[in-house]
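Spelled out from the first residue to the last, the chains are:
Number of protein chains: 2
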Amino acid sequence: MELVEKMLGGAQRPLSRLITLVERESPEVPEIMKAVYPYLGKAYTIGVTGPPGAGKSTLADKITTVVRNKGLSVGIIAVDPTSPFTGGAVLGDRIRMQQHYLDPQVFIRSMASRGSRGGLPMTTRNVMKLLDAFGKDIVIVETVGVGQTELDIMETVDTTIVTLVPEAGDTIQTMKAGLMEIADIFVVNKADRPGADKLVVELQTMMMLSPRSDDWQSPILATQALNDVGITELYEEVEKHEEFLKSSGELLHKREQQRKEEFIRAVEQRLRKRLSRLMKDDDKLMALWAEVERGDIDPYSALEVMEDEAVSRGWLGK
Amino acid sequence: MELVEKMLGGAQRPLSRLITLVERESPEVPEIMKAVYPYLGKAYTIGVTGPPGAGKSTLADKITTVVRNKGLSVGIIAVDPTSPFTGGAVLGDRIRMQQHYLDPQVFIRSMASRGSRGGLPMTTRNVMKLLDAFGKDIVIVETVGVGQTELDIMETVDTTIVTLVPEAGDTIQTMKAGLMEIADIFVVNKADRPGADKLVVELQTMMMLSPRSDDWQSPILATQALNDVGITELYEEVEKHEEFLKSSGELLHKREQQRKEEFIRAVEQRLRKRLSRLMKDDDKLMALWAEVERGDIDPYSALEVMEDEAVSRGWLGK
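Listed in order, the protein sequences are those of chains W and C. Residue 318 is where the first sequence ends in the working numbering, and the numbering goes up by one at each step. Residue 318 is where the second sequence ends in the working numbering, and the numbering goes up by one at each step.
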């Protein structure tokens, strides 16, 4: 694919165009992802998540500085998938103001699209792959929302940093187990505010009460991203976690899981398309469809009819 | 089904048990939904959504008072699907404090489960149906988060109330089109705070600039839910919207769409199960699966192989 070759050659414009195609779930996505596949696996990916106002953008910005000082290149994906109440424009402006905007070794992309049901994690994953194939050493994914989609996205990165602020102490008891499990590193940001020490202790207690299923002990760090306090230490912890993932075989396992997950998603998508085509060509199934629409049959009884028909036609095996 | 019969007889305990089964996506769900199907279609459903802190719970509470004063029964579903940062316990406690907790004509259920990918809107929909079959005249669905899942849920109710607070004025420009389209009624709550009038005007301007695709003009109301100001007027607007949906044929159309959507979801779910069973029985496909896991083949090439195999076996038609 010509666009992919140009991108692999190091041109940013083709990269941007490819990302746009992926975002729009273009029919060319399978072809694109096939073409970049041989060039994957080099980038290390870091996720930054947390509630609104926790300073995630600043944190991602400062981590980028540390990474750039090590001579590594960076791709940043800022995802604002879900909230209909705050828009992508604000996010884009905020990012554009940051110091790395003019650094050619830093590629920043914000994805503010509403995204189709369950589709955004896969889209984000594919954009991560493009940045990987493009040659970025580190890919940082910042999620702005705090929902299921963000948790799904965080499951696809190598190291997840959960960012909180001292005021979060009040609600810390209500944090769900799912979050504990995804947090490879906890950051208490804006730690110059009152309550920071208390929150660190509470998080330590939580970690002890519900240890993770792997052997990683999530560290809890106090930072002041705006004042550059604690960022170097934070990145050291990221490197330690990377080392842990590699030596324990966890990284390999994670990537195997991701490949299987992607395959299943792709199969499902294809299946759905095939199914609607099959139905349209079939008078009996179109009649069933009309019955469902009118409410003459409940969806689950219709499903049984449909399944019987499919089996009798030899679809889906015996 | 015995449990359904008891529930239809008016007992709350079987209703609670059925909701739990639906929430857990029990294998009995299709049977349950089939059994209640003949008793559906009576309840009118109202959604209350908006950003955190907008007073949605109080609003739902006060609407319930108005509805109860008309002698109608109410079911309330409080959905907190996504945020891993605030938990269901807080929500449950808040609701339990409310005045309607002891009223047998008001059934309150909070659903704080994380939910599977895309599954929560369908689960919520099924719980709405149970409350409908149970005989509730009005079902109120309150979503606490502000994400894609909430938008999906709002698409399944008859009237959606989007609740904002005066302070939202600053970010109003960034509200996404999707939200405008789902808001059948805008409420500026806590309207005693500064900025309320300005926000009302801004919303009116927005409505003029991007009119809805149907003929409904979403009214914009100022309320103070805590002080019982504007609630009667709000409910009058709900009734007007119900009248509009009925006379325009929109309600019928909406329910047709819902039935089709439910059918498709059910078919997809079944398909996924069948597919994994087919794969497990097939050496060639299991070998492909292992290749995907190891990364020896990219997911999209694997998809093509799989599709060829499926076609050559006569699955999925010709």
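The set of hints was computed from the structure by calculation and includes no laboratory data. Keep in mind that a hint or two might mislead.
Put simply, identical chains are the same to the list, so a pair is met inside one copy or across any two.
Lysine to aspartate or glutamate pairs mimicking EDC-like chemistry, simulated, CA-CA at most 16 Å apart [said to hold, decoys possible]:
| no. | residue 1 | residue 2 |
| --- | --- | --- |
| 1 | LYS34 | ASP296 |
| 2 | LYS70 | GLU236 |
| 3 | LYS260 | ASP296 |
| 4 | LYS273 | ASP214 |
| 5 | LYS280 | ASP137 |
| 6 | LYS260 | GLU293 |
| 7 | LYS70 | ASP296 |
| 8 | LYS254 | ASP152 |
| 9 | LYS254 | GLU243 |
| 10 | LYS240 | ASP152 |
| 11 | LYS240 | GLU5 |
| 12 | LYS254 | GLU155 |
| 13 | LYS284 | ASP137 |
| 14 | LYS34 | GLU291 |
| 15 | LYS246 | GLU256 |
| 16 | LYS6 | ASP308 |
| 17 | LYS6 | GLU304 |
| 18 | LYS254 | ASP308 |
Note that the structure is predicted; figures quoted are calculated from it, not measured.
Each hint tested on the structure:
In this assembly of identical chains, LYS34 and ASP296 lie within 16 Å of each other by CA distance solely across copies; the values are 12 Å between and 45 Å within a copy. Taking the shortest alpha-carbon separations for LYS70 and GLU236, only the intra-copy value of 12 Å comes in at or below 16 Å, while the best inter-copy value is 64 Å. Taking CA atoms no more than 16 Å apart as the test, LYS260 paired with ASP296 passes between copies only; the shortest distance there is 12 Å, against 39 Å inside one copy. Taking the shortest alpha-carbon separations for LYS273 and ASP214, neither the intra-copy value of 39 Å nor the inter-copy value of 29 Å comes in at or below 16 Å.
Neither within a single protomer nor between protomers do LYS280 and ASP137 lie at most 16 Å apart by alpha-carbon distance, with minima of 47 Å and 38 Å respectively. With identical chains, the CA atoms of LYS260 and GLU293 are at most 16 Å apart between copies only, with a shortest distance of 6 Å across copies and 35 Å within one. With identical chains, the CA atoms of LYS70 and ASP296 are never at most 16 Å apart, being 66 Å at best within one copy and 32 Å at best between copies. Within a single copy, LYS254 and ASP152 get their C-alpha atoms as close as 14 Å, which meets the 16 Å cut-off; across copies the closest is 30 Å, which misses it.
Taking the closest pair of Cα atoms, LYS254 and GLU243 come within 16 Å of each other only inside a single copy of the chain (14 Å); across copies the shortest separation is 53 Å, beyond that limit. When the C-alpha separation of LYS240 and ASP152 is checked against a cutoff of 16 Å, the pair qualifies neither within a copy, at 23 Å, nor between copies, at 40 Å. With identical chains, the CA atoms of LYS240 and GLU5 are never at most 16 Å apart, being 35 Å at best within one copy and 58 Å at best between copies. Taking the shortest Cα distances, LYS254 and GLU155 sit within 16 Å of each other inside one copy (9 Å), while across copies they are farther apart (35 Å).
In the homo-oligomer, the alpha carbons of LYS284 and ASP137 never lie at most 16 Å apart, since the shortest distance is 55 Å inside one protomer and 37 Å across protomers. When the C-alpha separation of LYS34 and GLU291 is checked against a cutoff of 16 Å, the pair qualifies only between copies, where the shortest distance is 15 Å, while the shortest distance within a copy is 41 Å. For the homomeric pair LYS246 and GLU256, the shortest alpha-carbon distance inside one copy (13 Å) is at most 16 Å, but the shortest distance between copies (52 Å) is not. Taking the shortest alpha-carbon separations for LYS6 and ASP308, neither the intra-copy value of 50 Å nor the inter-copy value of 31 Å comes in at or below 16 Å.
For the identical chains of this complex, LYS6 and GLU304 are neighbours neither inside a copy (50 Å) nor across copies (26 Å), given an alpha-carbon limit of 16 Å. In this assembly of identical chains, LYS254 and ASP308 lie within 16 Å of each other by CA distance neither inside one copy nor across copies; the values are 39 Å within and 28 Å between.
Of the numbered hints stated above, those contradicted by the structure are hints 4, 5, 7, 10, 11, 13, 16, 17 and 18, listed in ascending order.
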